[in-house]
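Each protein sequence line maps, in turn, to chains A and B.
Counting from 3, one number per residue, gives the positions in the first sequence under my numbering.
Counting from -12, one number per residue, gives the positions in the second sequence under my numbering.
Calculated directly from the structure, the hints in this document are not laboratory data.
Just so we're clear, the structure is a prediction, and the values are computed from it rather than from any experiment.
All the pointers check out, no bait thrown in.
The following label-pair restraints were derived from C-beta to C-beta distances:
{"id": "1", "chain 1": "A", "residue 1": "A105", "chain 2": "B", "residue 2": "D621", "range": "37 to 43 Å"}
{"id": "2", "chain 1": "B", "residue 1": "V620", "chain 2": "A", "residue 2": "G118", "range": "46 to 52 Å"}
{"id": "3", "chain 1": "B", "residue 1": "I445", "chain 2": "A", "residue 2": "A105", "range": "34 to 40 Å"}
{"id": "4", "chain 1": "B", "residue 1": "L449", "chain 2": "A", "residue 2": "S137", "range": "22 to 28 Å"}
{"id": "5", "chain 1": "A", "residue 1": "G118", "chain 2": "B", "residue 2": "P625", "range": "50 to 56 Å"}
{"id": "6", "chain 1": "B", "residue 1": "A550", "chain 2": "A", "residue 2": "D103", "range": "31 to 37 Å"}
All C-beta atoms in this analysis are idealised placements derived from N, C-alpha and C, irrespective of residue type, glycine included.
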Amino acid sequence: MMAVRQMETRSSPAILLVDDDDIDRLAVRRCLRKVALENSLIEARDGVEALEHLQADEGVWPALILLDINMPRMNGLEFLQALRENVALKRAPVFVLSTSDNACDMAAAYDQMIAGYLLKQDVLSDDSRLAELVSSYTSNVAWPDKPDA
Amino acid sequence: MPKTLLFAVALALGVCVLVLLSLVGYVAGIEALYRPLADGVATHPLTALTLLGCGVAVLLECVPVARPSVSDGHSLSLAAARGLAFAALLVALVRLLEDVSGTVILHAITPFQQLVDEELAAGKSNAMGANTAITMMLLAASLLMRSFGHARMSQLGAFGSLFFPVTSLAGYSYGLQDFYGEMSPITCLLTLWMGVSCLFLTADSWVMNVLLGNTSVSRVGQIQLVASLSFPLFVGYGVLFVQTREVSSLFAIVMVAFMWFSVTLISYSMLRLRRFEDDLKSSIQQLGVSESQFRDLFEYSPIATLLLDKKNRVVSSNHEAEKLFDTPRDELHNMSVDSLVPDGKAFIRDTAPIEQQAESDSGYDLDSGNNQTNSHESQQRLVATARSGTQIPVEVSHTPIATLDGQQTLLAISDRTEVQHHLDSLERSNKELDQFAYIASHDLRAPLRAITSLTRFIEEDLGDQLQGETAEHFSLLKGRVKRMDMLLNDLLEYSRVGRTASRPEWLDLDDVIDGLRQLYLPDNRFTIEVLGNTRKVFAARPQFELVARNLLMNSVKHHHLDAGHIRVWVEPADDTTCVYFADDGPGIEPRFRQKVFDIFTTLKPRDEVEGSGMGLALVAKSMQLVGGTVEVVDKLCPFSMVSQAESVHNGADSQEKTAQSGTTFCLQYPNHVPV
Chain A
3 MMAVRQMETR SSPAILLVDD DDIDRLAVRR CLRKVALENS LIEARDGVEA
53 LEHLQADEGV WPALILLDIN MPRMNGLEFL QALRENVALK RAPVFVLSTS
103 DNACDMAAAY DQMIAGYLLK QDVLSDDSRL AELVSSYTSN VAWPDKPDA
Chain B
-12 MPKTLLFAVA LALGVCVLVL LSLVGYVAGI EALYRPLADG VATHPLTALT
38 LLGCGVAVLL ECVPVARPSV SDGHSLSLAA ARGLAFAALL VALVRLLEDV
88 SGTVILHAIT PFQQLVDEEL AAGKSNAMGA NTAITMMLLA ASLLMRSFGH
138 ARMSQLGAFG SLFFPVTSLA GYSYGLQDFY GEMSPITCLL TLWMGVSCLF
188 LTADSWVMNV LLGNTSVSRV GQIQLVASLS FPLFVGYGVL FVQTREVSSL
238 FAIVMVAFMW FSVTLISYSM LRLRRFEDDL KSSIQQLGVS ESQFRDLFEY
288 SPIATLLLDK KNRVVSSNHE AEKLFDTPRD ELHNMSVDSL VPDGKAFIRD
338 TAPIEQQAES DSGYDLDSGN NQTNSHESQQ RLVATARSGT QIPVEVSHTP
388 IATLDGQQTL LAISDRTEVQ HHLDSLERSN KELDQFAYIA SHDLRAPLRA
438 ITSLTRFIEE DLGDQLQGET AEHFSLLKGR VKRMDMLLND LLEYSRVGRT
488 ASRPEWLDLD DVIDGLRQLY LPDNRFTIEV LGNTRKVFAA RPQFELVARN
538 LLMNSVKHHH LDAGHIRVWV EPADDTTCVY FADDGPGIEP RFRQKVFDIF
588 TTLKPRDEVE GSGMGLALVA KSMQLVGGTV EVVDKLCPFS MVSQAESVHN
638 GADSQEKTAQ SGTTFCLQYP NHVPV
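Bound conformation, chain A alone:
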């Protein structure tokens, strides 16, 4: 019974979207609606808010993080650093979802062990690309346990 429950949580991990742009968040939500993942979507408007979600008592885990770079308060790269330094959260898989094709941004993000760097202008140009990627990723990947803090 216990094992079944665990399987269930594993099959539908949360998707934490960190982006300050309302319309981009709307676009992502519409994408996920198409592949019926809308319900697992949690939204945060910057790094600080995202960390609050992750560190709450009933913290979101496992979670796939979709992370924008340019954000107020705590930007994507700062969030990544904080995430990787946090013992309890460091294993979380992160996709960067940004408009910046700046080589420095990309390098800095990959240095923080991200799963992939997605350009909004590519994956959000139509509804299907991001939706397919996320649905395929969430259904095919095995998720790590949350380490003890």
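Chain A is already provided as a structure; the job is to place chain B on it using the hints.
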């Protein structure tokens, strides 16, 4: 009137007066006036007349100098002087002829001939001898030469004329009748005066100039001359007394010859010495000039300069150096360069002097490919320390110079404070500008993407309900958004040009063009060919690809037909390489050829030809950054003359085709790395 000329005039006047006196003697019958020694030798009337002519000629020749304002009088007096001199010459020559041939010609024109004949009959001597004739001839010739401006000939003549009077005088003083013959002491004296007077007439040239000059050589010459003239006289008199008036003619000849020889020798050596002295003077003057020029250059140089000795201590410094280091000159003296410019010693030791640098830097070394080593740089940015301890950014260069104290070093130190300030602010504003363009296009694109997304959402949500005008407006909306996106994209790319610099190399043109053809001209409507034998360009690959791509896209975009042909060729020059891109499109009017390279400039409305107007601006900026140029030129491809000619003769539309000769872009790349 110069002193020498006054002297000449005084002598001539004396001659005239004495000659007139002897003539008065003939007129009044006072024998003593023309025959000073009773039963001695007399001055012949003709001699007196020719002497008078010469004397008056000298006076006349001096008139132009005395009264330079009367120009008519000059030519007149000069003509009179020439006439008198010529008459004297003629008389002397005829007298010589008489002597040689033994005929009598001059009796007819000789005044007081009767008196002379009577005296001759009485056994007294009265004739114009050959010696006198030659002397008079030389004197007259000298005067003529002087009047025609031949100063050297005049001096030679006058010098020659001195020979007989001097010899005769020697004869009189030694009591040797062989030496004076028929020449009376008065004639001797007068011809001597005349000769000297003639010499002084040309005192401003040749030997006389040297002898009468003010230089040390002249003074030595004067002393030698006086000594060599007086020595034989005194010795002669000494011998005279010892030998009790029995002097052999041989001795006198030797004395006179020696005297003449030494005078000639002295004159000659004076001339040579004078020339040598002049050369020496001018070289010393030049030396002084260059020395003072160097001093001035050094002192008033706008750049602080220090002269350092072998141990790199300050030997001298200029005004700017005092200002720069805020230290008076005498305190700078003997200071070590390192206390003024830390690392200055190391800089002088390790770097090439500035002139060697110019030689080694003349060309880019393709083989080594590395001309950025510090050891070759002669200018270096260092920091100077003022007295107050203030650090001043400076640029220094050094040059070795040879001085009397051995090898020294000239260290030029230019203050870079202001330059550095401007440089910093320029760098800052450039950075800000780049940042601005980058962030602006980024931040501007975010709302644009939002609009794109929202339009799409509405379209999707409305689905089939979107019809008629609304659908049309929607498609227009999307078109404009797309254009805005493109403009921002190109602006972003423009701002990025030059952010990453890569080193130029020799690129294979075919290679680059092939790559571009596959990427940007995939459908075979537009063809591109590389022509000519030279197929190499010295450029950085990313830069050349960017430029070539934009030129190709420009040609394709603005072509008036659906298909076209682009020719690419290279023309190497001395230190540049020109790459030509020629299309067969509509061409660009000459008045727009500069304008097309401005940013956001298109020659057609954007609704007609979709374009941001950034492509050629990008090319221009990129070329500028590598030290090259881009321009639209009137040049046809030299490798395809046949096809050009064919197209001209191609039927009815040839008119149109020649008008639309296409556009040729010329990219000029320097064959070296820009500084």
